[in-house]
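*Asks:* Chain by chain, the residues:
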Amino acid sequence: MSLSKEDVQRVSLLARLKLSDDELTTMTEQLGQIVSYIDKLSELDTEGVKPMAHALDLTNALVDDEPHESLPREKALQNAPRSDDECFRVPAVLGE
Amino acid sequence: MTNPPYDVIIGLEVHVQLRTNTKLFCRCSTEFGNPPNTQTCPVCLGLPGALPVMNRKAYELSVKTALALNCNIPNFTKWDRKQYYYPDLPKGYQISQFDLPMSENGYLAISSPDGEFEDKNVGIIRAHLEEDAGKSMHDEAQGLADTRIDLNRTGTPLLEIVSEPDMRSAEEARAYLQELRLLLTYLDVSDCNMQEGSLRVDANVNLHVHTETDEKIATPIVEVKNMNSFRAVERALHYEVKRQYEIWQETGNRIGDVPKQTRGWDDNAQLTRAQREKEESSDYRYFPDPDLVPVTITNEQVEAFQQQIPELPAALREKLVDEFSLTPYTADVIVNQGPEVVAYFQSLAEHTGDAKQSGNWVQGEVLRVLKEEDWELSEFPISAEGLADLLKAIQQGELNNSRGKEVFSEMLSAGTSAADAMAALGIEKVDDSALEDLCREIVMANPKVISDVQSGNEKAVGALIGQAKQKNPNVNPGQVRQICLDIINAL
Numbered sequence: 003m004s005l006s007k008e009d010v011q012r013v014s015l016l017a018r019l020k021l022s023d024d025e026l027t028t029m030t031e032q033l034g035q036i037v038s039y040i041d042k043l044s045e046l047d048t049e050g051v052k053p054m055a056h057a058l059d060l061t062n063a064l065v066d067d068e069p070h071e072s073l074p075r076e077k078a079l080q081n082a083p084r085s086d087d088e089c090f091r092v093p094a095v096l097g098e
Numbered sequence: 005m006t007n008p009p010y011d012v013i014i015g016l017e018v019h020v021q022l023r024t025n026t027k028l029f030c031r032c033s034t035e036f037g038n039p040p041n042t043q044t045c046p047v048c049l050g051l052p053g054a055l056p057v058m059n060r061k062a063y064e065l066s067v068k069t070a071l072a073l074n075c076n077i078p079n080f081t082k083w084d085r086k087q088y089y090y091p092d093l094p095k096g097y098q099i100s101q102f103d104l105p106m107s108e109n110g111y112l113a114i115s116s117p118d119g120e121f122e123d124k125n126v127g128i129i130r131a132h133l134e135e136d137a138g139k140s141m142h143d144e145a146q147g148l149a150d151t152r153i154d155l156n157r158t159g160t161p162l163l164e165i166v167s168e169p170d171m172r173s174a175e176e177a178r179a180y181l182q183e184l185r186l187l188l189t190y191l192d193v194s195d196c197n198m199q200e201g202s203l204r205v206d207a208n209v210n211l212h213v214h215t216e217t218d219e220k221i222a223t224p225i226v227e228v229k230n231m232n233s234f235r236a237v238e239r240a241l242h243y244e245v246k247r248q249y250e251i252w253q254e255t256g257n258r259i260g261d262v263p264k265q266t267r268g269w270d271d272n273a274q275l276t277r278a279q280r281e282k283e284e285s286s287d288y289r290y291f292p293d294p295d296l297v298p299v300t301i302t303n304e305q306v307e308a309f310q311q312q313i314p315e316l317p318a319a320l321r322e323k324l325v326d327e328f329s330l331t332p333y334t335a336d337v338i339v340n341q342g343p344e345v346v347a348y349f350q351s352l353a354e355h356t357g358d359a360k361q362s363g364n365w366v367q368g369e370v371l372r373v374l375k376e377e378d379w380e381l382s383e384f385p386i387s388a389e390g391l392a393d394l395l396k397a398i399q400q401g402e403l404n405n406s407r408g409k410e411v412f413s414e415m416l417s418a419g420t421s422a423a424d425a426m427a428a429l430g431i432e433k434v435d436d437s438a439l440e441d442l443c444r445e446i447v448m449a450n451p452k453v454i455s456d457v458q459s460g461n462e463k464a465v466g467a468l469i470g471q472a473k474q475k476n477p478n479v480n481p482g483q484v485r486q487i488c489l490d491i492i493n494a495l
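Those sequence lines, one after another, are chains A and B.
Per the working numbering, the first sequence runs over residues 3 to 98.
Per the working numbering, the second sequence runs over residues 5 to 495.
Excised from the complex, chain A in its bound form:
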């Protein structure tokens, strides 16, 4: 299975990445190689094998409902590209 430029364009849109035409060409080739490599897996006969939900053979990692301290607000906001004293600020979200 190989990727088309349109596939990569669509994935970049979903990932909110803006790629130049050159980057798109490079990405299509590189991602294509990765996908072809992964594609080897479909050579295996998985007839009758249940899909795996998790790589670890582990279930029920649950913890009690006891509150811990949260981050101080200035810490929570410190990595945001934009913020004010209280909130993260992002470009306007319209329509909702």
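These aren't lab readings, by the way, just hints derived from the structure by calculation.
All values derive from a computational prediction rather than experimental measurement.
Glycine included, each C-beta is placed from N, C-alpha and C at the ideal position.
Do not rely on the hints blindly, as some may be mistaken.
[What the hints assert, rightly or not] Short, incomplete list of chain A residues facing chain B, as computed with Cβ under 7 Å: (1) Gly34; (2) Gly50; (3) Val51; (4) His56; (5) Thr61; (6) Val65; (7) Asp66; (8) His70; (9) Ser72; (10) Leu73; (11) Arg75; (12) Glu88; (13) Arg91; (14) Val92; (15) Val95.
[To be verified] Coverage of chain B stretches by chain A, computed from C-beta distances (three or more under 8 Å per stretch; other residues unrestricted): (16) 18-26; (17) 38-44; (18) 85-94; (19) 153-159; (20) 298-305; (21) 457-464.
[Claimed, not checked] Straight-line distance between alpha carbons at most 30 Å, and here's what the computed DSSO-like set of lysine-lysine pairs gives: (22) B:Lys220 - B:Lys86; (23) B:Lys86 - B:Lys68; (24) B:Lys264 - B:Lys220; (25) B:Lys95 - A:Lys7; (26) A:Lys20 - B:Lys139; (27) A:Lys52 - B:Lys475; (28) B:Lys264 - A:Lys7; (29) A:Lys7 - B:Lys86; (30) B:Lys68 - A:Lys52; (31) B:Lys463 - B:Lys409; (32) B:Lys220 - B:Lys246; (33) B:Lys323 - B:Lys68; (34) A:Lys42 - B:Lys86; (35) B:Lys124 - B:Lys264; (36) B:Lys139 - B:Lys264; (37) A:Lys52 - B:Lys86; (38) A:Lys77 - B:Lys139; (39) A:Lys20 - B:Lys264; (40) B:Lys124 - B:Lys68.
Since the structure of chain A is provided, determine the placement of chain B on it from the hints.
*Replies:* Chain B in isolation, oriented as in the chain A frame:
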């Protein structure tokens, strides 16, 4: 409306915020109303390397709720990532459940005491456990074209309950929501506060239009959002049905002809508006979340949860009718008030030994006061035992029902017992021989009444009751009537 040429098809998606202290995957508090961004941590901020861990309580509350909705609880469930970019979703994906939800295939019975629709079971496709997003606020006040984001709510546990498209009218949809909310209240799994967003409703609605050849044509499905009360849901659905029929007549569009549309209810304008589609982002690309391990549950554990489920509204309504001989209407009124009022009624009925009288007093006086004062039952000052003393006094003829209501008011305002309130109002049981003497005196003073009664007009005795009450306000009118008639008939 007389038989419109279409069936209305409604399915509801309800998001219920579960009553936990902490979030679904981190131990930040879920308390409502705190300053923005004071309840966050690396996990719910989606910082790289942070790992989610499932809240046991949230899973348990989900199982209980699903069981109460008659759902099957699979022995194995897992969580998946639902990818989309939105500023209130810092990870870029929501942890939700895709192909193996924690419950499926249930139903909720709805009924209409006033016969608006026939009793039915609304199917539940699934209920699954997922995390909430944060809150976006458009900052118009500061004149900046910015949206402000508060992530306190991010990661709060939500149970998404998805119904089958089984509802055929806005009234059925409202009944489903009311019954669901009541059920959640009895289970004590959520505070169900719509204003605080603890219960959110989206509706999927379309029409099956009847054609002249007796075909039914499905129109495109519309998802309606932004309904902030049950009344808003009902109105939005009424509006949407009318709008869709008009569109059908105009365009003839069938399901599949146009993409599924999302519309928002504008409660001020009382109409729905098309919402901007999240365009290409609707490719959620679900895959199992590698940060979370699956959860398993044995049939024995499911059975143990089943045992923890309290008596639920539908069963209680039946019980109040079958065991307490209440009318279905009174049983419905009492059960719809919640488990505390039901317990109060049961205690009252036990103490008075008269379920009918107890039901009438709870439905009439107690609920009236709760409504007038905007009280919860816990704030109501008269205990079931205290009220039972009053009702027993009425049963024993010490006072009649309307005097009883005066005593009830006195008990409320003075905070006293039935006995003290009766004393304060000067109510004493009138001695039997004193009552007889009083009646004889009045009868003898009213020869006209005697002759009227003797000539067959028993109603004439009513005039004597008023006179007796003037002489002694504590007399029981029914007793006076009977004694006076006996005296006249024995003359």
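*Asks:* If a hint holds in the structure, say so; if it doesn't, say that too.
*Replies:* Results of checking the hints against the structure:
The closest approach between the C-beta of A:Gly34 and any C-beta of chain B is roughly 18 Å, which is over the 7 Å cut-off, so the hint fails. Hint status for A:Gly50 relative to chain B: violated, with the closest Cβ pair at about 17 Å, above 7 Å. For A:Val51, the shortest C-beta to C-beta distance to chain B is roughly 15 Å, which exceeds 7 Å, and the interface hint is violated. The criterion of a C-beta within 7 Å of any C-beta in chain B is met by A:His56, whose closest approach is roughly 5 Å, and the hint holds.
For A:Thr61, the shortest C-beta to C-beta distance to chain B is roughly 5 Å, which falls under 7 Å, so the interface hint holds. Given hint, A:Val65 at the interface with chain B, holds; its Cβ is 5 Å from that chain's nearest Cβ, closer than 7 Å. Annotation: interface hint on A:Asp66 holds; nearest CB of chain B at approximately 6 Å, less than 7 Å. For A:His70, the shortest C-beta to C-beta distance to chain B is roughly 4 Å, which falls under 7 Å, so the interface hint holds.
A hinted interface residue such as A:Ser72 counts as satisfied when its beta carbon comes closer than 7 Å to some beta carbon of chain B; here the least separation is about 5 Å, so the hint holds. The criterion of a C-beta within 7 Å of any C-beta in chain B is met by A:Leu73, whose closest approach is roughly 5 Å, and the hint holds. Nearest Cβ of chain B to the Cβ of A:Arg75: about 5 Å, under the 7 Å cut. The hint holds. For the restraint placing A:Glu88 at the interface with chain B, the shortest Cβ-Cβ distance is roughly 5 Å, inside the 7 Å limit, so the hint holds.
The restraint placing A:Arg91 at the interface with chain B holds, with a minimum CB-CB distance near 5 Å, inside the 7 Å limit. Hint on A:Val92 holds. Least Cβ distance to chain B is approximately 4 Å, under the 7 Å limit. The criterion of a C-beta within 7 Å of any C-beta in chain B is met by A:Val95, whose closest approach is roughly 4 Å, and the hint holds. Residues of the segment 18-26 of chain B with a Cβ under 8 Å from some Cβ of chain A number 3, which satisfies the need for three, so the listed coverage holds.
Using a Cβ-Cβ cut-off of 8 Å, 6 residues of the segment 38-44 of chain B lie near chain A, which meets the minimum of three, so the contact claim holds. Counting residues of the segment 85-94 of chain B whose beta carbon lies closer than 8 Å to any beta carbon of chain A gives 4, which meets the minimum of three for the stated coverage. Only residues whose C-beta sits within less than 8 Å of a C-beta in chain A count toward coverage, and the segment 153-159 of chain B has 3 of them, enough to reach three; the restraint holds. Taking a C-beta to C-beta cut-off of 8 Å, the segment 298-305 of chain B contributes 3 residues in contact with chain A, enough for the three needed, and the coverage statement holds.
For the segment 457-464 of chain B, the stated coverage by chain A is violated: 0 residues have a C-beta nearer than 8 Å to a C-beta of that chain, whereas at least 3 were required. Of the supplied pair hints, the one linking B:Lys220 and B:Lys86 is violated, its CA atoms being roughly 35 Å apart against a limit of 30 Å. Proximity of B:Lys86 to B:Lys68 is assessed by CA-CA distance (about 25 Å); at most 30 Å being required, the pair is judged to hold. Taking the CA atoms of B:Lys264 and B:Lys220, the gap is near 19 Å; set against the 30 Å cutoff, the hint holds.
This hinted pair checks out: B:Lys95 and A:Lys7 have alpha carbons roughly 27 Å apart, not beyond 30 Å. Simply put, A:Lys20 and B:Lys139 have alpha-carbon atoms about 27 Å apart, close enough for the 30 Å limit, and the pair holds. Restraint check for A:Lys52 and B:Lys475: not satisfied, since their Cα atoms lie roughly 90 Å apart, outside the 30 Å limit. With a C-alpha separation of about 28 Å, the suggested pairing of B:Lys264 with A:Lys7 holds against the 30 Å cut-off.
Proposed proximity of A:Lys7 and B:Lys86 is supported: the alpha carbons are some 25 Å apart, at most 30 Å. Distance hint between B:Lys68 and A:Lys52 is fulfilled; the C-alpha atoms sit about 28 Å from each other, no more than 30 Å. With a C-alpha separation of about 26 Å, the suggested pair B:Lys463 and B:Lys409 falls inside the 30 Å cut-off, and the hint holds. Using a Cα cut-off of 30 Å, the hinted pair B:Lys220 and B:Lys246 holds, with the two alpha carbons roughly 17 Å apart.
A C-alpha spacing of about 22 Å is found between B:Lys323 and B:Lys68, which places the hinted pair at or below 30 Å, so the restraint holds. Among the hinted pairs, A:Lys42 with B:Lys86 is consistent with the structure: their alpha-carbon atoms are about 26 Å apart, no more than 30 Å. Under the criterion of a C-alpha separation no larger than 30 Å, the hint pairing B:Lys124 with B:Lys264 is consistent with the structure, at around 28 Å. Taken as a hint, the B:Lys139 and B:Lys264 pair is honoured in the structure, with Cα atoms around 25 Å apart against an allowance of 30 Å.
At most 30 Å may separate the alpha-carbon atoms for a hinted pair to count; A:Lys52 and B:Lys86 meet this at roughly 22 Å. At roughly 19 Å between alpha-carbon atoms, A:Lys77 and B:Lys139 fall within 30 Å of each other, so this suggested pair holds. This hinted pair checks out: A:Lys20 and B:Lys264 have alpha carbons roughly 28 Å apart, not beyond 30 Å. For the suggested pair B:Lys124 and B:Lys68, the alpha carbons sit about 22 Å apart, so the restraint of at most 30 Å is met.
The structure fails hints 1, 2, 3, 21, 22 and 27 (numbered hints given earlier, in ascending order).
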